[in-house]
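In order, the protein sequences belong to chains B and V. Here the working numbering is used: the first residue of the first sequence is 1, the next is one more, and so on. Here the working numbering is used: the first residue of the second sequence is 1001, the next is one more, and so on.
No lab work stands behind these hints: they were computed from the structure. Warning: the hint list may mix true and false statements.
[Stated by the list, open to error] Calculated lysine to any residue pairs in the SDA-like style (CA-CA distance at most 25 Å, straight line):
no., chain 1, residue 1, chain 2, residue 2
1, B, K268, V, K1002
2, B, K268, V, A1046
3, B, K196, V, N1177
4, B, K265, B, L245
5, B, K80, V, N1177
6, B, K162, V, N1177
7, V, K1207, B, L245
8, B, K69, V, K1002
9, V, K1002, V, Q1047
10, B, K235, B, N207
11, B, K162, B, R141
[Claimed, not checked] Derived coverage of chain B by chain V (criterion: at least 3 residues anywhere in the stretch with Cβ under 8 Å from a Cβ of chain V; other residues may be distant):
no., region
12, 43-54
13, 88-94
14, 123-131
All values reported here derive from a predicted model rather than from experimental measurement. Even glycine gets a Cβ: it sits at the ideal position worked out from N, Cα and C.
Given next are the chains, with one letter for each unit.
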Amino acid sequence: MIIHDRSFPYPVLAPFRDDVSPNAFGFEIVVTSDADNYYIEARFNCSNPTLEQLVGRGAAVYAVQLECKRNYFRTLFLSKESIQRIVVRASDLVGRVEANGFILACEGVGAYAIEGAHSDYGDATFAIQSGDVLALSTTQRFDAYIDYDPLKQISSILTIRKSESTDEGEMQLDTNDDRLIATLSQRDYERYTDLKGDPMLRPLLANEIVVPALLEAVHEIRSVSDEDLDGEMSKRWFRSIVKKLESDGIDVRRPDLPALLIVQKLLKLPLRRTLEGLIQMNPTDEKV
Amino acid sequence: MKLPFFSRTFVEKLRTGADSNQSNYGPKTHWIADFAGGLSYLHDSAQIVDPPPALKITAEASADPENSRKIFQWLRNITPAIAMEERLWACLSHTVFPEYMHARWPVKDGDAIQRRYLFEGKSFASLSRNGIARLWWAGYLTFDESRANPFELTDTLFLRQDIQVSLLERSIGKCRNVRTCVLDFLRANSDWLSDEKFGRRIQLLLKELNLLGGVSLLDSLPPAAIHDHMRKVAKSLIASATTQSNQI
Chain B
1 MIIHDRSFPY PVLAPFRDDV SPNAFGFEIV VTSDADNYYI EARFNCSNPT
51 LEQLVGRGAA VYAVQLECKR NYFRTLFLSK ESIQRIVVRA SDLVGRVEAN
101 GFILACEGVG AYAIEGAHSD YGDATFAIQS GDVLALSTTQ RFDAYIDYDP
151 LKQISSILTI RKSESTDEGE MQLDTNDDRL IATLSQRDYE RYTDLKGDPM
201 LRPLLANEIV VPALLEAVHE IRSVSDEDLD GEMSKRWFRS IVKKLESDGI
251 DVRRPDLPAL LIVQKLLKLP LRRTLEGLIQ MNPTDEKV
Chain V
1001 MKLPFFSRTF VEKLRTGADS NQSNYGPKTH WIADFAGGLS YLHDSAQIVD
1051 PPPALKITAE ASADPENSRK IFQWLRNITP AIAMEERLWA CLSHTVFPEY
1101 MHARWPVKDG DAIQRRYLFE GKSFASLSRN GIARLWWAGY LTFDESRANP
1151 FELTDTLFLR QDIQVSLLER SIGKCRNVRT CVLDFLRANS DWLSDEKFGR
1201 RIQLLLKELN LLGGVSLLDS LPPAAIHDHM RKVAKSLIAS ATTQSNQI
């Protein structure tokens, strides 16, 4: 929803209206992303004393509304804080996304009058209800495009298999094939496939297996002698990791770079993604 | 099975050839390979799914709720990003459910192909027009696990075409509270559905909600507030209809 100038039956702070002076109401977003999520930092800048006071005593909140133009995603995020950090699953947004910032009443205000109201309002006061818009911003936009095809088999270098012999036990990694093969015990494989059905859990589960597997793989790449390097490059997983890191300007065989750091660069901060995923499942942030 | 999808090139070929290709559209699929003319048009996605459900094959809209349930449950784990893929729905419409498509959305002209077998345009409304995508999205947007019948809102959504247009082709329908409240309201006021002026009434109801959204942010209102507002609007719509008929 693009916010156009519109008339309200009471004075509303907006940079494109003269209901309230000064009419500064700043709203900016900074968007970053990884394979799992979009991270949207929304910053409000409001110095109107009436609105600051209402937010301060919990009668109003900062609100960010995100709407994806090409699907049905439209969600409102509320906070008492002027800086909000919002996480949205990458698979929820495709294409143009519009972000609108508001200050909303979250309880009724019997005799609302805002400091700086246009003189035309005189001494008038207004009955404000919960949900009423008290301030609104100019619409911000960003384009949400993931850099992989959601339908296609992601060029995978890791296969997860069920052990034929071990009922319960450690994960094994085989690096001798074209792909890395992680073999889980039968019971772990069943647990893994059960949990994998939940789209929220999928990225978290993947990291549990992918991080140790890639650590092992990076160690193996570094242990190969220069003479054997060409031969090893014939393995798809080996080639793929070396080339991917090369394209990111990282020499995987540089001895001063810790393997753990390389894996985190390769997976674009897997710990952050796991923790963000857990927060999404069980938010502990203070809610308004 | 792996969920199949068409190549982009083939979708484009179907689109540009829609006007001249109408006569091929029927319950059979043999023409598709010929039409591809050697093009590699069918691919497997990374999504592993059960075999496709048997949809109820009929021209009647009354089977839409049942078919929606089947499609949504079959593809329950796909993400919205996948469910926005024209390549997927075009493939399912053409190759997996051709009998259903032929019965429910017989092709009368090229526009019907664009609208029901492909995506007509790039807006979110096109998701509710493709013959198979609409069944999934309707389920996705109305499924509510907390209800005794999680698909009761899906059933209501499909009761009248006007409801689908009002909620799935208009921006206001993106607001979950509005969607839920309107569908709950219609469930509780089923006499509205049989009224001959239903189409007009639902338009006016949504228009009034839109006006409320001009001052309050609908997404922030609790369902009870939207329900209250709808009840008031409904009352005034009925009162105005009574006055008009008395004047006549």
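Checked hints:
| no. | hint | verdict |
| --- | --- | --- |
| 1 | B/K268 to V/K1002 | violated, 28 Å |
| 2 | B/K268 to V/A1046 | holds, 22 Å |
| 3 | B/K196 to V/N1177 | violated, 30 Å |
| 4 | B/K265 to B/L245 | holds, 8 Å |
| 5 | B/K80 to V/N1177 | holds, 22 Å |
| 6 | B/K162 to V/N1177 | violated, 44 Å |
| 7 | V/K1207 to B/L245 | violated, 55 Å |
| 8 | B/K69 to V/K1002 | violated, 29 Å |
| 9 | V/K1002 to V/Q1047 | holds, 6 Å |
| 10 | B/K235 to B/N207 | holds, 22 Å |
| 11 | B/K162 to B/R141 | violated, 45 Å |
| 12 | 43-54 | violated (count 0) |
| 13 | 88-94 | holds (count 6) |
| 14 | 123-131 | holds (count 3) |
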